Amino acid sequence: MFDVVVVGGGIAGMQAAVHAHSKGASVALITRTNPTSSYSITIQDGLNAALGPGDSPEAHAKETIHAGGFLADQAVVDSVCKDASWVVEELDRWGVPFNRDGAAYDLTRLPGSATARGLIADDMTGHVLTQVLYEQVLKSGIKLYEEFVVEEATTEGSAVSGVVVLDLATGRFEFIGAKAVILATGGPRRLYEPSTASLHCSGDGIAFAYRLGAPLVDMEFVQYHPFVLKNSRLAVSEVLTATAERVTASGEPITEAEAALPRAIAAAIAGGRGEDGCVALEYTFDKGLTNRFFNTNQRVSGLAGLKLADGKLPVRPAMHRLLGGVAVNHEGATSIGGLFAVGECAGATVHGAYGLPGNFLLASLTTARRTGRAAADYTGGRPYMPETDRMADHAENRRLNIFRREGGPNVAALRKELAAAMHQHAGLVRDATGLSQASQTIERVADAYKTAGVTSRNQDYNFGYLHYLELGNLLDAAQAIVASAAARQESRGVHYRTDFPTADPNQGAQHHLVTLTSGSPAVTQRPVEMSRWQPSTN
Amino acid sequence: MNKYAFYTGCVSKGACPELYQSTVAVAKKIGVELVEMLDVGCNGAGVLTTEISDPINARTLAKAEQMGLPIMTICSTCQGVIGAARLRLMNEQYRTAINERFLREEGLEYKGTTVVKHFLWILVEEVGVELLEGLVTNPLTDVGVSPFYGCYMRRPDDVIEQGGRKRYLEQIITGMGATNVDISGKGKCCGFPIAAADETNSLAMAAKHTGEAKDKGADAMVVPCPLCHLNLDGQQERAAASTKKELGIPIFHLPQLIGLALGIDPQELGIQRNMVSLTPVLRKLGMVKQPA
Amino acid sequence: MDVTFKVRRHDPRTGGKPSQQEYSVDLAPGATVFDALVQIREEQDGSLGFRGNCGRGFCGDCVVRMNGKLTLSCLTPVDKTVKDGVIAVEPAPYARQTKDLMYDDQTFLWDKYRAMKPWLVSDGAPAKPVTEEAMANVRTMMRCTMCGLCDFGCTVIDVDQGFMGPAALTKAYRFMIDPRDTATKERLTMAGEPKGMWDCVHCWEASEHCPVGIDPTHRIMDMRDLSVRHGIRSGKQNPKVARHYDSFAKSVKESGWLDEFKITMDTEGIMGSLRLAPVALKALTRGKVAVIHPKRSGAEHIKRIFEKVEAEFKAGQK
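Protein chains in written order, with the working numbering: chain A, 1 to 538; chain B, 539 to 830; chain C, 831 to 1148.
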């Protein structure tokens, strides 16, 4: 029994856990891998904060809202940009060694921004932040469940009651009671191929909330990274690409930027202008900055046998981030009592239709800080739900049934089919026909999933069963993405419809919410909060 | 004629006098002239802090520079520690600071030109294995010898400078007519550096490496480092006792092995001073008639 | 590309014996060994145990031995490793195996890491100015992914898994060089206890094994230097090490050279020396330690260097 259970040990999850703990809550943190091995560690862009001379949170907010095609909720963006200085001050106090210029922070101008406001820790900002947050988790004595998989979040009445977990090492199911549950599972990257996914990026939290009836928001916005190293998942660090001079396909420069850049690269490759399915990313490599790019250089060398100093890398776009997620309010609360969401699985409506590099870490850290504290407050004075093993027994039985299946479709093959369809029809370029095909593929895969078997029936470290669970969660997210994308009959930010290639101001004033209704996704609308800037006034 | 500033290190003048005497004997035999450096100090052996050892080593390097000679070491640790200091002192700013703060007072200045080489490197690179082979009068036929480098003759790469140097001992072993008996632990630590801090582990390391050589059928091991010798030879009996394993494998100092093959009198090579008797090897070579 | 993987399987929980299982996979171009293992597990055998998540060198969880070579499987391309169409995959050495290629990383690595008080301790203002130079050094330390390769290469861990090991010690050092941390002396004492930094043989294996250039052996040596500079020299439970250092330094300071006999006496004390007496006696009879270093010319200059640096240390400690 804990006041607060955090599901997911990435940057957002640990930040929420530490802050909930700081408000006096008893906290448990559940992680599928080692806490220092989450997807967060691969984040190589930076952390935006308006700390430079002449910069201001207002300027930062304005740029964020513009970049996001005016689909971000403006008061939320405002508070995220304002909270940046708090978060940075705190991280520095905890030991993050941000790059400095003398004694002041050395701010990097990340791509898409007119201002240098990216704090970086060389090319490993995510890795460094993860380590420091893990240190704080250890310091605070938060209970860690490492290599535990959450199978479901549970409710009693209208409020959350805890989570059912699977201990990977033993194969045992367990119910962990909680007054509040914070979902911090990250996004469903493995729904797409190619992508920058880590092995376990299945965005489970989105599915948990969706299945409990909570609405998802902005699910149609799927952002691709323009520069992912050939044959790999490595997104080339924005700290490096900030110096990129040009992207060429067969020697011809590609000049599009931001949300349009991955589409343009993909079009060039599809048009036969690529080489081995890649274009060339050309940049000036400053030898004085060799240390800054130590990690990238080592990875590029290990993965592709290339040297960063050569000033040229073969890259192609790959799915990188889902901009939407579980709809939450200003304090991370979902529509279900005691259920909160942070980080990439949360639809905090900060990014709108396109997320700027450097804003992802900022949004995660600021909203998780607020949410952790709010969740702790929520638990105050509330009684614990009665302890029950009913849910764990239910999960055990479910697994038994699946283990009994003989033959049946292969989980990996189903995921591959799904990921290929999502990339082709619900990726960079969409239209009604494609989305309907994606929908059919999802239905077919979901149907096959009902009889799919697992290749392994062992108790301990049964990754086959884990992948089975992950596919179920991915299917829910896929359904919501496609429904949301079909409903938005315009083009905005990363959502590009060939059948509706321009922006429609009326649709642009609405978020799409997807709610599971009688087994199907129902799409409704919610007005975008535009209290400060209007698209027309700029 | 090859001529060197001979940095003896402490141990060859203390607990391993046989290393000093065998080095001098072999050098004479192969025409390497040694000018012993007398007014220099211990390099710190990785024990003293670099703040103290770097000036001491700068002083040593400056003395050799004055003599116009490269330094020859006969100890892996001396080689590694002076070699690393030499690398740091390549940095002009650092070198100038050390010169100003420590060496100027006695009228010395290190200009950064001294070369430091272990005897093993000199033998292979400057004397040449072929020349040595030509001098062999008493080939160590059928004697299985395991090489053991000690850490500082294998790592770090920037101090070792040439990867080939990690295979020199094997060349000497076969060049002297012996059989190379390879062991996986040849580049690992002998355990000497922690004899004080953790004797159990120190002895365990000695036991492991000597045990491996023994298990692989070696008649002896050869080391280019007196500290390795102290642990593998000097402590072998205790190492054996601590692991309850019978060891009893003789350990050659590098020049003892060469000297024996070049026909130098074993007494002159100080083999009677080795703690684990070399008699079985001599017997195998027919140099001792009666069984012990 | 068709490749056969011969993977060592072992599930100690079910009491089974280690075995080798063959898997054939058709791999995409550029696939790494980690990619291949993932493909095997997802498509063929969900019971295959191995760790690893990021697939790009950041999580440090995927270290295995591949055709003999021990390193991160995610940065090891299959086409550069395969021999005659086969890659043999075995678990990392030393640590207790938990399942197939997985080992008990908690005992082997993380418990030691956690014992180092691995978080910034501050009693207010930074002890020293926070400069880019200082932060750059901290960042180099923070490249560490806890992949464990330094510990797997460690010659001390080879004989004693109780040794704190380079990974944990480097973690301790990361805070010592951070001007914002004010617990350096406490950390030095902690790292100086038995099985800590003074148990390191400085054989440079850790540095050779570290894939991210932290150079852990150097860092342990730096930490020992720092310890001496602070006048700490060793942990509270480790007085022998302090005696050894003091005697060593005294010998060089006074004569320019080491006197092994004196150092042994000083370090071990009477009782310890008695323990070593049989060896010493045998050595004496063989004439091994006949030469006691005479005080040589040049000794006064060595002493001068000592005095100068020691005075600076003293001033720094105030």
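Some hints here could point you the wrong way.
For lysine to aspartate or glutamate, the following EDC-like pairs were computed, each having C-alpha atoms within a straight-line distance of at most 20 Å [stated by the list, open to error]:
no.: 1; chain 1: C; residue 1: K899; chain 2: C; residue 2: E873
no.: 2; chain 1: B; residue 1: K704; chain 2: C; residue 2: D856
no.: 3; chain 1: C; residue 1: K1138; chain 2: B; residue 2: E589
no.: 4; chain 1: A; residue 1: K307; chain 2: A; residue 2: E331
no.: 5; chain 1: A; residue 1: K416; chain 2: A; residue 2: E443
no.: 6; chain 1: B; residue 1: K783; chain 2: C; residue 2: D990
no.: 7; chain 1: C; residue 1: K899; chain 2: B; residue 2: E668
no.: 8; chain 1: A; residue 1: K307; chain 2: A; residue 2: E258
no.: 9; chain 1: C; residue 1: K1080; chain 2: B; residue 2: D577
no.: 10; chain 1: A; residue 1: K139; chain 2: A; residue 2: E90
no.: 11; chain 1: B; residue 1: K782; chain 2: C; residue 2: D990
no.: 12; chain 1: C; residue 1: K1144; chain 2: C; residue 2: E1016
no.: 13; chain 1: B; residue 1: K566; chain 2: B; residue 2: E644
no.: 14; chain 1: A; residue 1: K139; chain 2: C; residue 2: D953
no.: 15; chain 1: C; residue 1: K1112; chain 2: B; residue 2: D577
no.: 16; chain 1: A; residue 1: K287; chain 2: C; residue 2: E963
no.: 17; chain 1: A; residue 1: K287; chain 2: A; residue 2: E245
no.: 18; chain 1: C; residue 1: K836; chain 2: C; residue 2: E873
no.: 19; chain 1: C; residue 1: K1092; chain 2: C; residue 2: D1076
no.: 20; chain 1: A; residue 1: K287; chain 2: A; residue 2: D310
no.: 21; chain 1: C; residue 1: K1144; chain 2: C; residue 2: E1038
no.: 22; chain 1: B; residue 1: K551; chain 2: C; residue 2: E1023
no.: 23; chain 1: C; residue 1: K1092; chain 2: B; residue 2: E737
no.: 24; chain 1: C; residue 1: K1015; chain 2: C; residue 2: D1076
no.: 25; chain 1: C; residue 1: K1025; chain 2: C; residue 2: D1052
no.: 26; chain 1: B; residue 1: K704; chain 2: B; residue 2: E668
no.: 27; chain 1: A; residue 1: K143; chain 2: C; residue 2: D941
no.: 28; chain 1: C; residue 1: K1138; chain 2: B; residue 2: E644
no.: 29; chain 1: C; residue 1: K1070; chain 2: C; residue 2: E1023
no.: 30; chain 1: C; residue 1: K1080; chain 2: B; residue 2: E589
no.: 31; chain 1: C; residue 1: K1066; chain 2: B; residue 2: E589
no.: 32; chain 1: C; residue 1: K1133; chain 2: B; residue 2: E589
no.: 33; chain 1: B; residue 1: K567; chain 2: B; residue 2: D803
no.: 34; chain 1: A; residue 1: K230; chain 2: C; residue 2: E1038
no.: 35; chain 1: B; residue 1: K567; chain 2: B; residue 2: E806
no.: 36; chain 1: C; residue 1: K1070; chain 2: B; residue 2: E737
no.: 37; chain 1: A; residue 1: K230; chain 2: C; residue 2: E1016
no.: 38; chain 1: B; residue 1: K567; chain 2: B; residue 2: E664
no.: 39; chain 1: C; residue 1: K947; chain 2: A; residue 2: D92
Don't read these hints as lab results, they were simulated from the structure.
Bear in mind the structure is a predicted one, so any value in this text is a computation, not a measurement.
request  = Take a quick look at whether B:K567 and B:E664 sit within 20 Å of each other, Cα to Cα.
outcome  = holds, 15 Å
ask   = Going straight from one Cα to the other, do B:K551 and C:E1023 come out at no more than 20 Å?
value = violated, 33 Å
message = For B:K783 and C:D990, compute the direct alpha-carbon distance and say whether it is at most 20 Å.
response = Within the cut-off at roughly 18 Å; holds.
query = Regarding the pair B:K566 and B:E644, is the alpha-carbon distance no greater than 20 Å?
reply = Between B:K566 and B:E644 the Cα gap is close to 33 Å, so the pair fails against 20 Å, i.e. violated.
message = Need the status of pair C:K1025, C:D1052: alpha-carbon distance at most 20 Å?
response = Roughly 17 Å separates the two Cα atoms, so the pair holds.
key: Distance restraint between A:K287 and A:D310, which requires alpha-carbon spacing of 20 Å or less   = Answer holds: A:K287 to A:D310 is near 11 Å, not above 20 Å.
query = Would the pair C:K1092 and C:D1076 pass a check requiring their Cα atoms to be no farther apart than 20 Å?
reply = Holds, at roughly 11 Å.
Given pair status - C:E873, C:K899, alpha carbons within 20 Å = violated, 26 Å
20 Å Cα cutoff - pair A:K287, C:E963 = holds, 17 Å
ask   = Holds or violated: are the alpha carbons of A:K307 and A:E258 at most 20 Å from each other?
value = Not OK: A:K307 and A:E258 at ~26 Å, beyond 20 Å, violated.
request  = Given the hint that A:K139 pairs with C:D953, test it: the Cα-Cα distance must not exceed 20 Å.
outcome  = Cα-Cα ~15 Å, so holds.
Pair hint outcome, C:K1112 versus B:D577 [Cα-Cα no greater than 20 Å] = Not satisfied, since the Cα-Cα distance of roughly 31 Å exceeds 20 Å.
Checked against the numbered hints listed earlier, the structure breaks hints 1, 2, 4, 7, 8, 13, 15, 21, 22, 31, 34 and 37; every other hint is satisfied.
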